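Just so you know, the protein sequences line up as chains A, B, C and D, in that order. Residue numbers for the first sequence follow our numbering, so the first one is 1 and each next one is one higher. Residue numbers for the second sequence follow our numbering, so the first one is 549 and each next one is one higher. Residue numbers for the third sequence follow our numbering, so the first one is 861 and each next one is one higher. Residue numbers for the fourth sequence follow our numbering, so the first one is 1173 and each next one is one higher.
Hint data in this document are derived by calculation from the structure and do not stem from the laboratory. Computed from a predicted model, the values in this text were never measured in an experiment. Glycine included, each C-beta is placed from N, C-alpha and C at the ideal position. Take these hints with a grain of salt, some might be off.
[Stated by the list, open to error] Computed from the model, here is a short list of chain B residues facing chain A with C-beta under 8 Å:
(1) Glu-624
(2) Met-685
(3) Ile-758
[What the hints assert, rightly or not] Beyond 12 Å from chain C on every Cβ pair, some chain A residues (computed):
(4) Ser-16
(5) Lys-20
(6) Gln-83
(7) Gln-107
(8) Tyr-116
(9) His-130
(10) Glu-148
(11) Met-156
(12) Asp-205
(13) Lys-212
(14) Asn-215
(15) Ile-313
(16) Ile-349
(17) Asp-384
(18) Arg-508
(19) Pro-543
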Amino acid sequence: MSEKTQESVLRVDDLSIRFKTRNGSSQAVDSVSFEVARGETLAIVGESGSGKSVTCYSLLGLIPQPPGVIESGVAQFASQGQQRDLLRSDKQTLRSLLGDKIAVIFQDPMTCLNPYLTIGEQLVEPLRQHKNKSREQARQRAIELIEEVGINNAKMRFASYPHEFSGGMRQRVMIAMALITEPELLIADEPTTALDVTIQAQILDLLDELKKRRNIALIFISHDLSVVASIADRVAVMRAGEIVETGEAQQIFKQPQHPYTQQLLASVPSGPKPAQSSQVDPQTQPLLKVEHLQTVFEQGKAGLFAASPAPTIAVNDVSFELRHHEILGLVGESGSGKSTLGRSLIQLIKPTAGSVQLDGQELTQLNPKQLKPLRQRMQMIFQDPYASLNPRMTVFDTLAEPLLYHRLATRKNVTPQVLALMDDVGLAHADIRKYPHEFSGGQRQRIAIGRAIATKPELIVADEPVSALDVTIQAQILDLILSLVNKHNLSMLFISHDLSVVRYIADRVLVMHQGKLIESGDTETLWANPSEAYTQTLFAAVPQLGSH
Amino acid sequence: MSSLDQNNSPEINSTKPNHINPSKSSAFEEKGSSLWRDAWHRLQKNKMALLGLVVMVTMCIVALLTPWITVYGYEEQNLVLGASPPSAAHWLGTDTLGRDLLTRILYGSRISLAVGFIATAVALLIGVIYGTVAGYMGGRVDAAMMRLVDILYALPFMIFIILLMVIFGRNIFLLFLAIGAVEWLTMARIVRGQVQSLRQQEFVEAAVSIGLGPWAIIRRHLIPNTLGPVIVYTTLTIPNVMLLESFLSFLGLGIQPPQSSWGLLISYGVETMEEYPWLLIFPGLALSLTLFALNFLGDGLRDALDPRAAKD
Amino acid sequence: MARFILIRLLQAIPVLLVVITVTFFLVRLAPGGPFSAEKAVPAEVLKALEARYHLDQPVINQYFSYLGDLARGDFGPSFKYPGRSVNEMIAAGLPATAELGLYAMCFALLIGASAGVIAALKPNSAQDYIPMSTAMLGICLPSFLLGPLLMLIFGVWLEWVPVSGWGDIPGDKILPALTLASGYTAYIARLSRGGMLEVMSQDYIRTARAKGLPEWKVVLKHGLRGGMIPVIAFIGPAFAGLLSGSFVVETIFQIPGLGRFYVQAAFNRDYTMIMGTTVLFATLIILFNLLADIVAVWLNPRLRDLYRSGGA
Amino acid sequence: MAPCSPLLTSDPSRPPRFLPALFCIINCLLLFACGNGENNVTSGLASQTLHWGNGAEPQELDPHIVTGLPEHHIIVGLLEGLVLKDPATLEPIPGMAESWDISDDGKTYTFHIRANARWSNGDPVTSADFVWSWWRALQPALGNLYAYMYYPIKNAEAYATGKLDDFSEVGVKAIDTKTLEVILANPTPYFLQLLDHYSMFPVHRATIEKFGDPSERGTRWTRAGNFVGNGPFILKQWDLNRLVMIEKSPTYYDADKVRLNAIRFYPTENVSTEERMFRAGQLHVTGSLPADKIAVYKKTNPQALRISPYLGTYFYRINTTVEHLTDKRIRRALAMAINRQQIIDTVTKGEQMPAFTFTPPNTLGYTAENGFAEDLETAKALLAEAGYANGEGFPPTELLYNSSEGHRKLAVAIQQMWKKHLNIDISLNNQDWKVYLDSVTTGNYQIARAGWIGDYVDPNTFLDMWLTDGGNNSTGWHNDEYDRLISEAAPRAKERTQRYAHFRRAEALLLDAMPIIPIYTYNSIHLVHPNVKGLPSNILDYALYKQMYLSEE
């Protein structure tokens, strides 16, 4: 793909960035060099904190200085025959390039669009700023572009607000906004990470197509190797601020040279579950029995607004069983009701109808007081380890709380138990007095898991426990979960949108779509032969490492 | 800029659990609420906040020691002298009855600081509990509780004060109650708003899934996380309360002359600010100093109590 | 939305009823009737006066007949000002108070929000501390101090504006509006600083910067709207408080407003006037809280749609 | 709500426009500030408009309902009684009546009303107007607090209190349209003085009846545009809490002598503001002056400062039913231990006169003998005699005053004097005005601050309040001999000297028993711009507008 005859749009040499704080400084980017040519996609791959975003943002003047200090480097940007060093341009020049010749697409389309302004207003902004277009001209152009990125009814959509769009649509808007000034360089920072797998496939296709049609240079930043595999021409692998390996995409995926690249590739969950963990006991009665469960939301009930729009049926007539020592996967896209189902099972949300029986005991009719002893037996792990830990409680407080509350320990003898829990989930004892924000995402999830297993429960509902984590961390946490399930004889409902992860961990899988269970079966059976059309689409959209 | 993770991830390096010698672990024995102890450590690093704290503590100590360090009595008049500007005998001058202003400011600090802290504490206690319960319960309980706040807001304050005065007579503790009873309303609203948004957070859900009861959740998870805005509002409330005290004292509820408070000294000083400006300036400075000290202390405390704020 | 407003208005009815009932009986508990005067009132005159205003009837009858009058929109005659009905006095006083409050709120918003925004752009720097400290002065300088001070400086010494009055001499509205604004400026400054800090760390601000927009445009167009939401939520209730709390400023600057009546009525035991102003202010508090909620919804497109679809 | 509307109406896709709106409002406000030219004092000189600091918003302008000084200042411009007073001497001079005859027994007064006396709508003023007006003033339903001003008239009291239903038996009669005969119950030497009190002013019958029942309180007849009066000015504008403006009346009989074209009364409740308004040239006359400003004016602007004796006494009431205060030795000791001159010098600062009698000295020629002297040794001795040598064991005693800066300061000074001189601890208590009144009238106090302003220039207005059943007594003190002297001996006295002798004996009894502690005699303290002419000082603080004018010379 990459013919070196192509002119290089951006050429970065020996870029080093350091972050200085009162506690010392850290080398965020260390002597990084790369280039990207017109019509080419360069993927920068690395885990969070590897410096891949900082590298790109520093070129655009988007990192705060201080604390960031650019120590060295040259970034030659070629546009209309003019060569500029981005790192040495003044703010004015940089600003005139940004949004015009260089455009950026950010990771989370939910937060990156201004919720208070219409799509149209935000779309025309770069045109008005850089091209001196009249409001009407800009509007025309914006509408054309909205259509081009595949949004129907562009004229009406022009006046809509971001919240009226789904995540995928927003990302299309972001792409339109980036392309509206016909840039020569497009930087896409994890553009599909926050999207469902089917949407992700569409967006990747769109990006690829637009790049080809407009012959622009694309820098694609991602942590997800499977995604990169499907779009990149060349790949640069970053770790701890350094590019450890760079090369043609096919070569990197087929014959990774650097051990870190190898480790990354090995961490991508693929293939069936390692056999050793399966100890399901089919003959006895199930641990959890769910019958005709229904959960309905009165929207807008929260807060002082009592007026309620039409109710949403989040979980619709769901029945299934969960056996002892079984890991049951629950897959579905966002909005399918899988999280609500998980919460309804352990009575965090009161179901509207149906029954949930834990070991033969009906849960839905119990009041909080009656539930309390049962809470010890069922626990939950949440998706977002940032939000699910109280920011003002130390690791000790968080882990000790369930022990003390259920009188499994006293104030005097709780410490050894907490330390044992920390051993279980692989946390250093020295961290006992630290607060959640001092940990990385993976460590936080370890804390959350520790909290969940503290009371030695039988059932754990894990709601997307690894989807916020980097791929190597994800692999570690998955292995941790598997080992804990074995060690403590746990049963688990494992909720995820990531089919590879589910395949890797679950014994049996349920597929959920629009509030209903549409398919279930033993994992490998289902993989081999999905019967429902939806399930088939879902499987087809999963990016594969080898797909390139 | 959350995605700009500035630190290199320690993740790679800590893939294996660190097994630390168990004997060392006893160093992490838990004693009391670590949030407050950690906050204290963080506060010590904030110079402005520390300065504010030092000023406040000094003021409190001086207020306590006032009877032993003043040369004049606070009620001691010198009608022949009358109002006199600062001099060697009277460092801050004297008021129209010839009373030493420094002495009166010092005695006044006893009243003002006591009113400021106790009345605000009353407001804080009621407001935080009320607001948290309303915000946590939500729905009808919340609506009913907030309507009650509306009602109390709307009742005529003056009538309330006059009645209090008549029913209970003059009483300094009544003053604390009266002021606290008024000030808690806004506090309750602020806290309720905070709790409403906190309630949606996953860590509260996690607490529910552990089986914690409402009270434990409110106490352990909600209230500590509302502290930021509460502290800021509190630091703004204290000087307000001190001024409210002077108004109520003027009406006859609260302290009686010849006792003084900063608020009263200021309101008397206003009357003669052209003739005897020192009578306004010095009490005014005392109040301003308190306000700024409290403000810096409050901001520092807010940051100290928020582990995330300590970015450095 | 219409339904939401309707429900809130319906909820207001019991609130108002409780306020009316409590106030009605409270004022009659306060010692000293509306007709007591320094010179003893002869018994027969007192009797005649009480008969005139139906105060000789059982309190419960008075209460129900008052409710009846109120339902017809009649607040009754003032006791203190025999020639005036309460309706008339409110009609005479409310415009001045509302105008004063409006100007004050504008000043407070302009000064407070500017200070807050400027401070938020560079937190913990001189650009933060200086405007914020200036705004904080508003709390140290209560209106009973600031009013006379401004009056003295700008009215008497510099002779730039009149000392007092309301609409009599050009410029006589500036000082009272500034005075009333001072206390609120500090709150607004703090709120907008906090709001802006929060908003300026949002991802969409980074998006705006990535478009190459100049910084002022990023702040004013993308930041301000979200950053001002806490301020909007504050000014609704604050405006109601400003109206009922304007009596100090009205007295100092001799403004023919309602705030003076609100306080004086309590001292005069002008029962009908107390009731009238209380009902009015209770209504205003409820309305402004509602308005603040509506504006908050309106400013937030997401909520706007929620209510549009759920309501009418 | 206006600031929100630009928000609500703006195109939702555009950023909020409330900032521009805000700027507009502020700009309007600031634009108003420009063009601030001449002040009231300068402009008033050309237009002969007097700007008067009136102290408070008038409750009403109906002379038969109101009770206060602010109302007085306005009403005397709008209405005129049978007689006026010479502001220099306070002797009666002709008003509506151009002359009058008094019978030899001093009981029958015959007034001859001016032929050219007219109401502002052109109607002539007749004797029937007076008869009707006085009938109205005595209607119980009107709730006239000054009905007692009529009590010297035969049967007026009985009619006012409902003991008599037939008004024709009350001693007032229209002989013909311009002749009015008044018959008194007893000879009342100060009766002519009363006639200049607004409660005895005539009102226009047709106007009042047009707006409601004559005995109905608060009809709209007193509004600008409705008001029909017979005084030198007519009511032009009455904006609540803002301004009352009266303008020269063309129908007034003396109109060519009236030189002021208009008077604007401002409700200056805040005395500090009032003083600043004066300084900024917004007022010609202030109603008062803060005590601490007096010295400043003496130094910098003495010609504007107007201090003159006033017909009133500041005193402390003692509740003689409180156990330890029943002993008159204690009461006298308290009175003697106050250094009045020092209080006047440092607290009130208005050159007031220390009071050793209750009636102010030289009240129409009456001066009582000092009832005591400031004497610390005697005071201590008296206290010791009463059983509290050196103040030991003196029961806790409370001094009550109504919430006010001035009362507070004085109480604090006196509290300290008693502590220093007698070694007794007195605590202070201040109450809101109405609560204070309630406490005093129900006797729920020990020592209470008080003040008394004479309604008319005669000792009687001071001394009749200490009668046993006097509505304003409230001290629990009573003395039969005193009652006899005031209500029987004095009214029957033929001559002023004899009458004053009775008063002196009575006042000596009062001061000996000392249920009250006189502190000082009031002064009226005003700021008067030098341009204001024809406003002499007098003890009633009485102004005759038709003699006043503005001039720079």
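Hints violated by the structure (numbers, ascending): Violated hints: 1, 2, 7, 8 and 9; rest satisfied.
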